[in-house]
Amino acid sequence: MAQVIIDTGNHIAGFACRAARAQVVAAYPITPQSPVVEQVADLVEKGEMDAKYIRVESEHSAMAACIGAAVGGARAFTATSAHGLALMHEMLHWASASRLPIVMAVVNRAMGPPWNVWADFSDSLSQRDTGWIQFYCASNQEIFDTIIQAYKLCEDRRVFLPAMVCFEGYVLSHTSMPVKIPDQRDIDDFLPPYNPPWLLDVENPITHGSIVYPNWYMEFRYFMQEAMENAKKLIPEIDREYRRKFGFEYGGHVERYRCEDADIILLTMGTMGSEAKVAVDRLRKKGLKVGTARLRVFRPFPKEEIQDLARNVSMLTIVDRQISYGMEGPLFTEVKASLYEREQKPLAMGFIAGLGGRDVTFMDLEAMINLSLKRLKAGRVEKEVEWIGLRK
Amino acid sequence: MFLCRSDLKIEGEFRNTFPFLLSLYLLHQWWCLMVKEPKSMKDLPITPLSSPTIASMGKTGSWRTFRPTIDITKCTRCLLCWIFCPEGCIGRREDDMPEINYEYCKGCGVCANECRLGAIRMEREVV
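Those protein sequences? They're chains A and B, same order as listed.
In terms of numbering that gives the first Met the number 0, the numbers along the first sequence are unbroken and rise by one, the last being 391.
In terms of numbering that gives the first Met the number 0, the numbers along the second sequence are unbroken and rise by one, the last being 126.
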């Protein structure tokens, strides 16, 4: 029977891991992800979860153990944050290029130094090109639903890539919210057991990840690109199927809010999306035609969705909780790149906000929209990127 | 000067040309079957996977510069060489005596290095 529980994002990720019937969990604790690991270890120890929990000495080993488990035909799960994710970097490539459907919860935390354990996207966005699918969540319910959906997506034969389910440290990871946990039988129905097309099997030995000379290497990279394109098509389908079964839907790649007749759209990622709804409601009351959209999937990047979003809009205001040094926010770059081929392009402004866990409130977001409005009236953007909340 | 087949000392094995060509053809067929060289992208798995074959590079014994020889009077059948041979070229006879497969042994010398009794000597190959 479905039940509603009130718990933190981290514990919900642990429950989702159980609900997805992960068979092997190998993880190393790191703030602010530690409660995910504790929760899973607890569930395994109590016998509430039928999984092998592997204690490892580092994140690099955690991912290596997950790769071994997935190659052996088990459904693998792990979780990490910031520097742990960075340490995993080599193994991230091994997981994706070996085409293993591992799902990992990434609790977003700023990279040091200066040492900082609070939320921003600098950890997961630094891993953009590793071939992992990246989801960004805005509520604890979404964390649960996305982990289940991620397994469904990754284990599809047309995809077979690993996925990160990212949510911001403390903002979600240590905040309690009510979450509806569906009936286990319904989840099992939605997510059948993992059925790998090949196995590490002593009776029938094969070598995995063997050397490929330049004459065939590029083809394997092309297969991964093809898989990402397939994933892009499947994400909205899986989201709709999930809605039909469990009642929750997140708009596929991009969750839109009051965008139908909007002149300015505020594009965000993660929990800033929830705050943006408040800002939009307030500005709508003042008679401004604003809407907001929240990007849920960063890889594969929903280029067509972004083009559709920008169709009848005069201004796009893009907020990044990460800076690519020497350029701008990564989301800003990708959105502009998606619009390059279109003749009618809206003006665009990028904002850097909330680095290292600094709060991004609806007031900050309102200020961003107001500034964009000013630029829109002037008809041009002098300074493309603004830092919000930077102290003088 | 051209090398002829008699120089390569294969005359004793192949008395005339026909069986020689036939065996080359069969070897090629066996190679294609074992290695399964893909013809197009469609033949590839989505990630590199290979099934085990016996020496996909052919008879690697020809690469050898130094040849390991076991002095059976010194050997105590401890089998360290059998454990350490990185290519699995040292076999184990029924009486536990190690036996080197010279068709595939590349002469790396690991066995001679591991042998505590100096029972394995590396000698330069005479061509």
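Keep in mind the hints are simulated off the structure, nothing from the lab.
Just so you know, not all the hints are guaranteed correct.
Computed list of lysine to aspartate or glutamate pairs in EDC-like fashion (alpha-carbon distance at most 16 Å, straight line) [to be verified]: (1) B:Lys41 / A:Asp200; (2) B:Lys73 / B:Asp95; (3) B:Lys38 / A:Glu218.
Cβ pair distances, simulated, as ranges [as the list claims (entries may be wrong)]: (4) A:Tyr212 / B:Arg123: 50 to 60 Å; (5) A:Tyr212 / B:Asn100: 24 to 34 Å; (6) B:Leu79 / A:Pro204: 55 to 65 Å; (7) B:Glu113 / A:Ile205: 28 to 38 Å; (8) A:His88 / B:Ile53: 35 to 45 Å; (9) B:Glu102 / A:Tyr221: 52 to 62 Å; (10) A:Glu228 / B:Asn112: 29 to 39 Å; (11) A:Met110 / B:Val109: 21 to 31 Å; (12) A:Tyr212 / B:Asn112: 30 to 40 Å; (13) A:Asp41 / B:Asn100: 45 to 55 Å; (14) A:Pro204 / B:Arg115: 27 to 37 Å.
Among chain A residues calculated to face chain B with C-beta under 8 Å, some are [to be verified]: (15) Pro28; (16) His88; (17) Trp93; (18) Ala96; (19) Phe159; (20) Asn194; (21) Trp197; (22) Pro204; (23) Ile205; (24) His207; (25) Glu218; (26) Phe219; (27) Arg220; (28) Phe222; (29) Asn369; (30) Leu372.
Built from N, CA and C at the ideal position, the CB exists for glycine as well.
Hints, verified against the model:
no., hint, result
1, B:Lys41 / A:Asp200, "25 Å, violated"
2, B:Lys73 / B:Asp95, "14 Å, holds"
3, B:Lys38 / A:Glu218, "13 Å, holds"
4, A:Tyr212 / B:Arg123: 50 to 60 Å, "33 Å, violated"
5, A:Tyr212 / B:Asn100: 24 to 34 Å, "27 Å, holds"
6, B:Leu79 / A:Pro204: 55 to 65 Å, "26 Å, violated"
7, B:Glu113 / A:Ile205: 28 to 38 Å, "30 Å, holds"
8, A:His88 / B:Ile53: 35 to 45 Å, "37 Å, holds"
9, B:Glu102 / A:Tyr221: 52 to 62 Å, "39 Å, violated"
10, A:Glu228 / B:Asn112: 29 to 39 Å, "52 Å, violated"
11, A:Met110 / B:Val109: 21 to 31 Å, "44 Å, violated"
12, A:Tyr212 / B:Asn112: 30 to 40 Å, "31 Å, holds"
13, A:Asp41 / B:Asn100: 45 to 55 Å, "54 Å, holds"
14, A:Pro204 / B:Arg115: 27 to 37 Å, "32 Å, holds"
15, Pro28, "31 Å, violated"
16, His88, "19 Å, violated"
17, Trp93, "10 Å, violated"
18, Ala96, "7 Å, holds"
19, Phe159, "6 Å, holds"
20, Asn194, "15 Å, violated"
21, Trp197, "6 Å, holds"
22, Pro204, "6 Å, holds"
23, Ile205, "5 Å, holds"
24, His207, "6 Å, holds"
25, Glu218, "5 Å, holds"
26, Phe219, "7 Å, holds"
27, Arg220, "11 Å, violated"
28, Phe222, "5 Å, holds"
29, Asn369, "49 Å, violated"
30, Leu372, "48 Å, violated"
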